[in-house]
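**Student:** Turn these sequences into a full structure, and let the hints steer you where they fit.
Just so you know, we're using the UniProt record's numbering here: the sequence shown kicks off at 1 and counts up by one.
These are calculated hints, taken from the structure and not from any lab test.
Here the structure is a predicted model, which is why all the values come from computation and not from measurement.
Virtual Cβ for every residue (Gly too), placed ideally from N, Cα, C.
Treat the hints loosely; a few may be bogus.
Ranges between beta-carbon positions, derived for each pair [what the hints assert, rightly or not]: (1) 8 to 132: 54 to 62 Å; (2) 97 to 77: 25 to 33 Å; (3) 218 to 277: 19 to 27 Å; (4) 260 to 315: 21 to 29 Å; (5) 292 to 94: 26 to 34 Å; (6) 264 to 90: 44 to 52 Å; (7) 50 to 277: 52 to 60 Å.
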Amino acid sequence: MRKFTALTEQEILALAISNEEEDGRIYADFSYALQENYPDTAKIFADMVREEDDHRRHLIDVYVRRFGDHIPLIRRQDIAGFMPRKPAWQIQGQGIEVVRRYAEDMERDAARFYRQAALRTNDAETRKLLGDLATAEDQHGRAASDMASRHLTDDKRDDEDENARRRFVLQIVQPGLVGLMDGSVSTLAPVFAAAFATHDPHSAFLVGLAASLGAGISMGFAEALSDDGALSGRGKPLIRGLVCGAMTMAGGIGHTLPFLIESFSAAMTVAIAVVVIELFLISWIRWRYQDTPFGSAIVQIVFGGALVFLAGVLIGSS
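**Tutor:** Dropping the structure here:
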(Lines of atoms letter the chains of each structure in order from A; the text may use other names.)
(Lines give C-alpha, C1' and ligand atoms only; values in the text may rest on other atoms or scores of the structure.)
Protein backbone atom coordinates (compact mmCIF):
# COMPACT_ATOMS: atom_id res chain seq x y z
CA MET A 1 0.00 0.00 0.00
CA ARG A 2 1.47 3.32 -1.09
CA LYS A 3 1.67 6.54 0.88
CA PHE A 4 -0.23 9.52 -0.44
CA THR A 5 2.88 11.69 -0.20
CA ALA A 6 4.68 9.33 -2.58
CA LEU A 7 2.21 9.84 -5.44
CA THR A 8 3.22 11.83 -8.49
CA GLU A 9 1.10 14.61 -9.92
CA GLN A 10 -0.10 12.20 -12.62
CA GLU A 11 -1.09 9.59 -10.03
CA ILE A 12 -2.89 12.15 -7.85
CA LEU A 13 -4.97 13.23 -10.82
CA ALA A 14 -5.69 9.58 -11.71
CA LEU A 15 -6.78 8.98 -8.12
CA ALA A 16 -9.11 11.99 -8.31
CA ILE A 17 -10.72 10.57 -11.47
CA SER A 18 -11.20 7.20 -9.79
CA ASN A 19 -12.73 8.86 -6.72
CA GLU A 20 -15.23 10.82 -8.81
CA GLU A 21 -16.25 7.70 -10.71
CA GLU A 22 -16.76 5.70 -7.52
CA ASP A 23 -18.74 8.46 -5.79
CA GLY A 24 -20.97 8.82 -8.83
CA ARG A 25 -21.74 5.10 -8.80
CA ILE A 26 -22.63 5.21 -5.11
CA TYR A 27 -24.97 8.17 -5.62
CA ALA A 28 -26.56 6.35 -8.57
CA ASP A 29 -27.15 3.29 -6.39
CA PHE A 30 -28.73 5.47 -3.70
CA SER A 31 -31.00 7.10 -6.28
CA TYR A 32 -32.14 3.74 -7.66
CA ALA A 33 -32.73 2.17 -4.24
CA LEU A 34 -34.70 5.16 -2.91
CA GLN A 35 -37.01 5.69 -5.90
CA GLU A 36 -39.96 3.77 -4.48
CA ASN A 37 -40.03 4.92 -0.86
CA TYR A 38 -38.18 8.27 -1.02
CA PRO A 39 -38.70 9.68 -4.52
CA ASP A 40 -37.73 13.24 -3.61
CA THR A 41 -34.44 12.24 -2.03
CA ALA A 42 -33.83 9.96 -5.03
CA LYS A 43 -34.07 13.02 -7.30
CA ILE A 44 -31.39 14.76 -5.24
CA PHE A 45 -29.00 11.85 -5.71
CA ALA A 46 -29.80 11.71 -9.44
CA ASP A 47 -28.73 15.36 -9.74
CA MET A 48 -25.60 14.62 -7.71
CA VAL A 49 -24.72 11.83 -10.16
CA ARG A 50 -24.79 14.37 -12.99
CA GLU A 51 -22.57 16.71 -10.97
CA GLU A 52 -20.04 13.95 -10.34
CA ASP A 53 -20.06 13.06 -14.03
CA ASP A 54 -19.29 16.68 -14.94
CA HIS A 55 -16.37 16.68 -12.51
CA ARG A 56 -15.10 13.39 -13.93
CA ARG A 57 -15.18 14.66 -17.52
CA HIS A 58 -13.36 17.84 -16.51
CA LEU A 59 -10.68 15.85 -14.68
CA ILE A 60 -10.19 13.53 -17.65
CA ASP A 61 -9.83 16.49 -20.01
CA VAL A 62 -7.13 17.98 -17.78
CA TYR A 63 -5.39 14.63 -17.40
CA VAL A 64 -5.33 13.88 -21.15
CA ARG A 65 -4.01 17.36 -21.91
CA ARG A 66 -1.14 16.93 -19.44
CA PHE A 67 -0.30 13.23 -19.40
CA GLY A 68 -1.85 11.51 -22.42
CA ASP A 69 -4.60 8.96 -22.95
CA HIS A 70 -3.60 6.22 -20.49
CA ILE A 71 -5.06 6.65 -16.99
CA PRO A 72 -3.56 4.25 -14.43
CA LEU A 73 -5.94 2.56 -12.01
CA ILE A 74 -5.34 4.05 -8.58
CA ARG A 75 -8.07 3.75 -5.94
CA ARG A 76 -8.42 5.24 -2.49
CA GLN A 77 -8.19 1.77 -0.89
CA ASP A 78 -4.71 1.43 -2.43
CA ILE A 79 -3.43 4.50 -0.54
CA ALA A 80 -2.44 4.37 3.12
CA GLY A 81 -4.65 6.46 5.40
CA PHE A 82 -7.63 6.59 3.07
CA MET A 83 -10.84 4.90 4.18
CA PRO A 84 -12.54 3.00 1.34
CA ARG A 85 -16.12 3.92 0.51
CA LYS A 86 -18.77 1.53 1.74
CA PRO A 87 -21.03 0.19 -1.01
CA ALA A 88 -24.51 1.67 -1.13
CA TRP A 89 -26.20 -1.56 -0.07
CA GLN A 90 -24.40 -1.44 3.29
CA ILE A 91 -25.69 2.07 3.99
CA GLN A 92 -29.21 2.21 2.57
CA GLY A 93 -30.49 -0.51 4.90
CA GLN A 94 -29.70 1.67 7.93
CA GLY A 95 -32.37 4.27 7.23
CA ILE A 96 -32.86 7.40 5.17
CA GLU A 97 -31.12 9.74 7.63
CA VAL A 98 -28.00 7.55 7.64
CA VAL A 99 -27.96 7.69 3.83
CA ARG A 100 -28.23 11.49 3.85
CA ARG A 101 -25.47 11.87 6.43
CA TYR A 102 -23.22 9.46 4.56
CA ALA A 103 -23.62 11.47 1.35
CA GLU A 104 -22.74 14.66 3.23
CA ASP A 105 -19.64 12.96 4.64
CA MET A 106 -18.64 11.88 1.13
CA GLU A 107 -18.75 15.49 -0.07
CA ARG A 108 -16.70 16.73 2.88
CA ASP A 109 -14.16 13.92 2.43
CA ALA A 110 -13.72 14.79 -1.25
CA ALA A 111 -13.03 18.45 -0.50
CA ARG A 112 -10.64 17.48 2.31
CA PHE A 113 -8.80 15.09 -0.02
CA TYR A 114 -8.02 17.85 -2.50
CA ARG A 115 -6.99 20.32 0.20
CA GLN A 116 -4.61 17.82 1.80
CA ALA A 117 -3.16 17.01 -1.60
CA ALA A 118 -2.59 20.70 -2.31
CA LEU A 119 -0.76 21.17 0.99
CA ARG A 120 1.56 18.24 0.31
CA THR A 121 2.98 19.46 -2.99
CA ASN A 122 5.51 22.19 -3.66
CA ASP A 123 4.73 22.40 -7.35
CA ALA A 124 2.78 25.61 -8.01
CA GLU A 125 0.81 24.26 -10.97
CA THR A 126 -0.21 21.09 -9.12
CA ARG A 127 -1.14 23.08 -6.02
CA LYS A 128 -3.35 25.35 -8.10
CA LEU A 129 -5.03 22.38 -9.78
CA LEU A 130 -5.77 20.63 -6.49
CA GLY A 131 -7.04 23.85 -4.94
CA ASP A 132 -9.42 24.30 -7.86
CA LEU A 133 -10.69 20.75 -7.35
CA ALA A 134 -11.27 21.42 -3.65
CA THR A 135 -13.28 24.50 -4.58
CA ALA A 136 -15.26 22.44 -7.07
CA GLU A 137 -16.14 19.93 -4.36
CA ASP A 138 -17.23 22.75 -2.05
CA GLN A 139 -19.44 24.04 -4.85
CA HIS A 140 -20.75 20.53 -5.28
CA GLY A 141 -21.73 20.53 -1.62
CA ARG A 142 -23.52 23.85 -2.01
CA ALA A 143 -25.19 22.57 -5.17
CA ALA A 144 -26.38 19.54 -3.24
CA SER A 145 -27.89 21.85 -0.65
CA ASP A 146 -29.61 23.83 -3.40
CA MET A 147 -30.92 20.62 -4.92
CA ALA A 148 -32.20 19.52 -1.53
CA SER A 149 -34.05 22.82 -1.15
CA ARG A 150 -35.58 22.39 -4.60
CA HIS A 151 -36.56 18.74 -4.37
CA LEU A 152 -36.94 18.21 -0.63
CA THR A 153 -39.08 20.86 1.03
CA ASP A 154 -39.72 20.70 4.75
CA ASP A 155 -43.11 19.07 4.18
CA LYS A 156 -41.68 16.43 1.85
CA ARG A 157 -38.80 15.72 4.22
CA ASP A 158 -41.24 15.34 7.10
CA ASP A 159 -43.33 12.96 5.01
CA GLU A 160 -40.28 10.84 4.15
CA ASP A 161 -39.13 10.81 7.77
CA GLU A 162 -42.59 9.76 8.93
CA ASN A 163 -42.70 7.00 6.33
CA ALA A 164 -39.29 5.81 7.51
CA ARG A 165 -40.53 5.74 11.11
CA ARG A 166 -43.61 3.76 10.12
CA ARG A 167 -41.53 1.20 8.27
CA PHE A 168 -39.20 0.88 11.26
CA VAL A 169 -42.15 0.30 13.57
CA LEU A 170 -43.80 -2.14 11.17
CA GLN A 171 -40.69 -4.12 10.25
CA ILE A 172 -38.61 -4.04 13.45
CA VAL A 173 -40.48 -2.74 16.49
CA GLN A 174 -43.70 -4.67 15.96
CA PRO A 175 -42.19 -8.17 15.55
CA GLY A 176 -39.68 -7.39 18.30
CA LEU A 177 -42.44 -6.28 20.66
CA VAL A 178 -44.54 -9.36 19.90
CA GLY A 179 -41.52 -11.54 20.67
CA LEU A 180 -40.64 -9.67 23.85
CA MET A 181 -44.21 -9.89 25.14
CA ASP A 182 -44.46 -13.59 24.34
CA GLY A 183 -41.07 -14.41 25.85
CA SER A 184 -41.56 -12.30 28.96
CA VAL A 185 -45.13 -13.34 29.74
CA SER A 186 -45.64 -16.86 28.38
CA THR A 187 -42.53 -18.28 30.07
CA LEU A 188 -43.49 -16.93 33.50
CA ALA A 189 -45.80 -19.85 34.26
CA PRO A 190 -43.39 -22.73 33.52
CA VAL A 191 -40.41 -21.01 35.17
CA PHE A 192 -42.12 -20.11 38.42
CA ALA A 193 -44.14 -23.32 38.48
CA ALA A 194 -40.88 -25.28 38.35
CA ALA A 195 -39.34 -23.01 40.99
CA PHE A 196 -42.15 -23.39 43.49
CA ALA A 197 -42.57 -27.10 42.77
CA THR A 198 -38.92 -28.00 43.36
CA HIS A 199 -37.47 -25.07 45.32
CA ASP A 200 -34.38 -25.85 43.27
CA PRO A 201 -33.00 -22.85 41.31
CA HIS A 202 -31.09 -25.10 38.90
CA SER A 203 -34.25 -26.98 37.91
CA ALA A 204 -36.11 -23.71 37.39
CA PHE A 205 -33.22 -22.44 35.27
CA LEU A 206 -33.30 -25.51 33.01
CA VAL A 207 -37.06 -25.21 32.55
CA GLY A 208 -36.78 -21.48 31.81
CA LEU A 209 -33.93 -22.02 29.36
CA ALA A 210 -35.83 -24.72 27.49
CA ALA A 211 -39.02 -22.65 27.44
CA SER A 212 -37.19 -19.55 26.21
CA LEU A 213 -35.31 -21.31 23.44
CA GLY A 214 -38.37 -23.27 22.36
CA ALA A 215 -40.57 -20.18 22.34
CA GLY A 216 -37.92 -18.19 20.44
CA ILE A 217 -37.59 -20.80 17.71
CA SER A 218 -41.36 -21.22 17.46
CA MET A 219 -42.10 -17.49 17.33
CA GLY A 220 -39.29 -16.88 14.87
CA PHE A 221 -40.65 -19.41 12.39
CA ALA A 222 -44.23 -18.27 12.96
CA GLU A 223 -43.38 -14.64 12.23
CA ALA A 224 -41.22 -15.46 9.19
CA LEU A 225 -43.86 -17.72 7.64
CA SER A 226 -46.88 -15.56 8.44
CA ASP A 227 -46.32 -12.90 5.77
CA ASP A 228 -43.86 -12.43 2.91
CA GLY A 229 -44.14 -8.65 3.30
CA ALA A 230 -44.90 -8.03 -0.38
CA LEU A 231 -48.38 -6.61 0.15
CA SER A 232 -48.27 -5.57 3.80
CA GLY A 233 -44.97 -3.67 3.59
CA ARG A 234 -43.74 -5.43 6.72
CA GLY A 235 -40.31 -6.06 5.25
CA LYS A 236 -38.29 -9.19 4.66
CA PRO A 237 -39.72 -12.22 6.50
CA LEU A 238 -36.25 -13.50 7.44
CA ILE A 239 -35.38 -10.28 9.26
CA ARG A 240 -38.77 -10.16 11.01
CA GLY A 241 -38.40 -13.78 12.05
CA LEU A 242 -34.91 -13.22 13.44
CA VAL A 243 -36.00 -10.11 15.35
CA CYS A 244 -39.10 -11.79 16.76
CA GLY A 245 -37.27 -15.00 17.69
CA ALA A 246 -34.35 -13.18 19.31
CA MET A 247 -36.62 -10.91 21.36
CA THR A 248 -38.73 -13.89 22.44
CA MET A 249 -35.66 -15.68 23.75
CA ALA A 250 -34.41 -12.50 25.39
CA GLY A 251 -37.74 -11.98 27.14
CA GLY A 252 -37.68 -15.49 28.61
CA ILE A 253 -33.99 -15.60 29.43
CA GLY A 254 -34.23 -12.34 31.37
CA HIS A 255 -36.10 -13.81 34.34
CA THR A 256 -34.47 -17.22 33.89
CA LEU A 257 -30.87 -16.15 34.50
CA PRO A 258 -31.49 -15.17 38.16
CA PHE A 259 -32.04 -18.86 38.91
CA LEU A 260 -28.32 -19.42 38.42
CA ILE A 261 -28.11 -18.03 41.96
CA GLU A 262 -27.82 -20.96 44.37
CA SER A 263 -29.99 -19.42 47.08
CA PHE A 264 -33.66 -20.02 46.23
CA SER A 265 -34.95 -16.94 48.05
CA ALA A 266 -32.33 -14.67 46.47
CA ALA A 267 -32.95 -16.12 43.02
CA MET A 268 -36.70 -15.65 43.40
CA THR A 269 -36.31 -12.04 44.56
CA VAL A 270 -34.05 -11.13 41.64
CA ALA A 271 -36.29 -12.97 39.15
CA ILE A 272 -39.38 -11.08 40.30
CA ALA A 273 -37.48 -7.78 40.04
CA VAL A 274 -36.46 -8.67 36.47
CA VAL A 275 -40.08 -9.50 35.60
CA VAL A 276 -41.16 -6.05 36.82
CA ILE A 277 -38.47 -4.41 34.69
CA GLU A 278 -39.53 -6.46 31.64
CA LEU A 279 -43.17 -5.50 32.02
CA PHE A 280 -42.32 -1.81 32.37
CA LEU A 281 -40.03 -2.04 29.32
CA ILE A 282 -42.84 -3.53 27.24
CA SER A 283 -45.18 -0.79 28.42
CA TRP A 284 -42.63 1.88 27.49
CA ILE A 285 -42.16 0.45 23.99
CA ARG A 286 -45.92 0.38 23.43
CA TRP A 287 -46.15 3.99 24.62
CA ARG A 288 -43.13 5.12 22.59
CA TYR A 289 -43.88 3.46 19.27
CA GLN A 290 -47.56 2.49 19.27
CA ASP A 291 -49.07 5.64 20.82
CA THR A 292 -50.58 3.64 23.68
CA PRO A 293 -51.15 5.74 26.84
CA PHE A 294 -48.43 4.76 29.29
CA GLY A 295 -50.87 4.19 32.14
CA SER A 296 -53.08 1.95 30.01
CA ALA A 297 -50.06 0.05 28.71
CA ILE A 298 -48.83 -0.62 32.26
CA VAL A 299 -52.23 -1.77 33.47
CA GLN A 300 -52.73 -4.11 30.50
CA ILE A 301 -49.26 -5.66 30.59
CA VAL A 302 -48.95 -5.90 34.37
CA PHE A 303 -52.43 -7.39 34.68
CA GLY A 304 -51.70 -10.04 32.07
CA GLY A 305 -48.27 -10.79 33.52
CA ALA A 306 -49.70 -11.06 37.02
CA LEU A 307 -52.29 -13.60 35.87
CA VAL A 308 -49.64 -15.77 34.22
CA PHE A 309 -47.34 -15.45 37.25
CA LEU A 310 -50.11 -16.48 39.64
CA ALA A 311 -50.99 -19.42 37.42
CA GLY A 312 -47.39 -20.61 37.63
CA VAL A 313 -47.24 -20.15 41.40
CA LEU A 314 -50.51 -22.01 41.96
CA ILE A 315 -49.53 -24.88 39.72
CA GLY A 316 -46.07 -25.15 41.25
CA SER A 317 -47.43 -25.01 44.81
CA SER A 318 -50.17 -27.60 44.27
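**Student:** All hints are to be evaluated individually against the structure, with a verdict given for each.
**Tutor:** How the hints compare with the structure:
1. 8 to 132: 54 to 62 Å: violated (18 Å)
2. 97 to 77: 25 to 33 Å: About 26 Å separates the Cβ atoms of residue 97 and residue 77, which means 25 to 33 Å holds.
3. 218 to 277: 19 to 27 Å: holds (24 Å)
4. 260 to 315: 21 to 29 Å: holds (23 Å)
5. 292 to 94: 26 to 34 Å: holds (27 Å)
6. 264 to 90: 44 to 52 Å: The hinted range 44 to 52 Å holds for residue 264 and residue 90, with Cβ atoms some 49 Å apart.
7. 50 to 277: 52 to 60 Å: holds (53 Å)
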